[in-house]
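> Single-letter residue listing:
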Amino acid sequence: MLELRGVSKTVDGMDHIRDVSLRLESGSLNVLLGPTLSGKTTLMRLMAGLDTPTAGQVLVNGQDVTGVSVRKRDVAMVYQQFINYPALTVYENIASPLRVAGVKGADVDKQVRKAADLMKLTPYLDRTPLNLSGGQQQRTAIARALVKGAHLVLMDEPLANLDYKLREELRDELPKIFSESGAVFVYATTEPTEALLLGGRTATLHEGQVSQFGDTIDVYRNPQDIVTAQTFSDPPLNLLGLTKSGGEFRTSNGTVIPASEEEKRLPDGHYKAGFRPHHLYLQRPSEDAVCLPAVVDVSEITGSESYIHLTCLNHRWVALEHGIHNVDVDAKIDVFVDAKNFMIFDDEGRSVASLMHEPA
Amino acid sequence: MEKTVNNKAWFMVLPVLLLVAFTAVIPLMTVVNYAFQDSFGNNQFFWVGIEWFQELLSSERFHDALVRNLIFSFSILAIEIPLGIGIALCMPKKGWGVPVCLVLMALPLLVPWNVVGTIWQVFGRADIGLLGYFLNSLGINYNYTQDPVAAWATVIVMDVWHWTSLVVLLCYAGLVSIPEAYYQAARIDGASRWAVFRYIQLPKMHSVLLIAVLLRFMDSFMIYTEPFVVTGGGPGNSTTFLSIDLVKMAIGQFDLGPAAAMSLVYFLIILLFSWVFYTAMNNIGTEKKHYAGEE
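Line order of the protein sequences matches chains F and D.
The numbers in the working numbering rise by one with no breaks, and the one at position 171 of the first sequence is 171.
The numbers in the working numbering rise by one with no breaks, and the one at position 111 of the second sequence is 111.
Bound-form chain D, shown alone:
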């Protein structure tokens, strides 16, 4: 078969190519360029090879922030995914409750990120915040500006409050797409509630869950605004995540070279983890499963 070559096609994709080039490729290339050089202002650059990378990968500061990020991401995934599935399962499938629930669920997602931070910053304060005051009056010593545990708890609860809705909405979309006949068939089979979840709802939600896990992982791994507003990375460095560290380095210290190197490593870590999640979850989906039945 003869292949048709039509050069006009290039004009069709040109706008997208330009857009991607100017928003992603060229900035990324600049970052790559910075990562291998040192600058002392005045537009003077010196080639340093992989020095910044060596320095970064052996720096304790980077290791600590990375570990904090991983703990944070896995904690919120471990909370938000099951919680999101649970709430989605409880939501009504028809009637007046549907729009009410959907709007309630969407509300946290509509709040700007720095506002979320401010809300929780005030909410958690021991002197004027409702949560902080309440907890302290119960005898729990809660002060996120001094206690790393309280700071972590605040940041995690805040993220759960902010983002579980996204998981809920995705799961709900997956659930409502299951035809009623499946549930009927399961009832006729005498399948238990757990079997219905395990063998019908979960497999049917698999693709949206994959998206939810990826989105939540990427977003939480890049989290900046909310903890920055609430804790500013403290107390000490206890809630300093990679993004906060990166901004300190790039804007605060104006170390463009090391910051660029860190950006690249940061980017590659996210890419790697996303790929691992994607592959692992796809494998779970296609793996042959056996019906456990009722015991």
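Just chain F, with the same shape it has in the complex:
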């Protein structure tokens, strides 16, 4: 178990990590999700012990290890770059943590071959890393982390530099392989889709703070605030400014959106509705949907999906539609939203749903 208690890291007066508290269970898969510069790598370095926090504590199995050197901790780490000993063979690379640990003879061979087999590296054991493809190099690095049998396994965007197919393969295998070891498994990524595919638990990071931590699906479905919802949305979350008076919301052009029974209890004032790109429709999806006027900015077609970027009531939105939709740039079109897909946030960006569930 790894626990962070109020951990902060300040470098030259800049807050890289602010007051992060997390409890990661042994045998669990934890995703750190956040955009570039949100502090994922810094947080991992603090977890590993490569850096010492400016404030707060790091505990491993209840023991305070703050300030204990990384050499004395039981940690394995895989990086976005493919980091291996350049002059050693794949075999010796995988064996290196065992040799440092003082494992002798046949044991080394057995463990190296087992890890190599899992990582499909057996045919390449005699090569040096630079004579391997990127995917094989990264698998070597992962195999090294694997044989170490560390209590804490940190992976910092390990698949970011790999091609699509390899990424899918490894993404399936990694959680299985490491969950068997009973280690605390931490995986940093910038991609919401990757977090969802990995499952487990997710902590969303924003400007050095953990905005929410919980079961991945739960964080995705019920973000506590607008920042979490935005971090966990790719393409970006669409936002719509609303004014509530009485039992209904009004958009800036006066379109009325009826409030649900729960929402009716909210005080009058300004709110923001967030909804995901696949909930912005070009065709009326249901009787309850509300029609809004929009102007097309760009349309991107990826084949099975089309992304239509548009401006609606001074908001920039993205609509994700299945199939190919050819829409002319600058065309004036009607778009539809359905209030049942809305996540309503108050003026300070807190989720109204989460506020309503909290005891008063």
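These are calculated hints, taken from the structure and not from any lab test.
It cannot be assumed that every hint is accurate.
Quick list of the computed label-pair ranges, beta carbon to beta carbon [stated by the list, open to error]: (1) F:164 x D:82: 46 to 56 Å; (2) F:114 x D:177: 30 to 40 Å; (3) F:72 x D:197: 47 to 57 Å; (4) F:176 x D:193: 32 to 42 Å.
In silico contact screen, one side only, chain F against chain D (beta carbon under 7 Å); selected entries [what the hints assert, rightly or not]: (5) 75; (6) 77; (7) 81; (8) 86; (9) 182.
In this text the structure is predicted, and so the values were computed from the model without any measurement.
Glycine included, C-beta positions come from ideal geometry on N, C-alpha and C.
Following the hints, complete the assembly by docking chain D onto the known chain F.
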């Protein structure tokens, strides 16, 4: 696939061809021409075949100078390469120290060669030189104009002072190109300082080290100016290197034929050694290594 022939391409490479021809190929050909002939001035030449080469290769004077050159080159390589790596490892990687160190390191390289010679010639003098006076006052009998050992020590120390910087700068360039993540990964692995050097830094410096060894070998094997200024090849012939000998022969004695033959042999020796170094170091680089680990 049809090969495209475009004769215009020749015009593009013509300037370089001309430059190389007039600076390297034609002078070399002239030297080859001289090497097989004898001349007595007045532009009279006589064909002598390989006589000059036979004479040269059997001459003791040539053997001695060659041996001196080899000892000199290997000594300075043995000092400058490890020292250069060591200094590069100690240099700061960031902060205000970087420009300071780089400028300090580059200083000796900016001094003209004959000035380096003059500096050391004065520095080493027993009567007015700081080094010479200091050593003698310590009771060490140091006089590079009379003692061959002192002369050799001066020439070697001078070369180390002058050229270690080049090795340092090359190694430093190799070191700073190693991503920080490698060091982190090594720390997480619990690798020792030696393991980090042996298995990360040294392999990553391999290509720049190859360049450093080649450059230092070639330059030191051709050394002329500094020892000429300091010792003039003496005392006796003790610091007469091939280049000094060659100049004596060509300019001093005006023996164009033997000097040309010697130039060619000299050139081929450098080429041969450079090739040997290059091949050997490349082999070391690709050889499979085993992680020794911590005992």
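> All the hints need checking, so say for each whether the structure fits it.
Hints versus structure:
no. : hint                      : in the structure
1   : F:164 x D:82: 46 to 56 Å  : holds (47 Å)
2   : F:114 x D:177: 30 to 40 Å : holds (35 Å)
3   : F:72 x D:197: 47 to 57 Å  : violated (21 Å)
4   : F:176 x D:193: 32 to 42 Å : holds (37 Å)
5   : 75                        : holds (5 Å)
6   : 77                        : holds (5 Å)
7   : 81                        : holds (5 Å)
8   : 86                        : holds (5 Å)
9   : 182                       : violated (19 Å)
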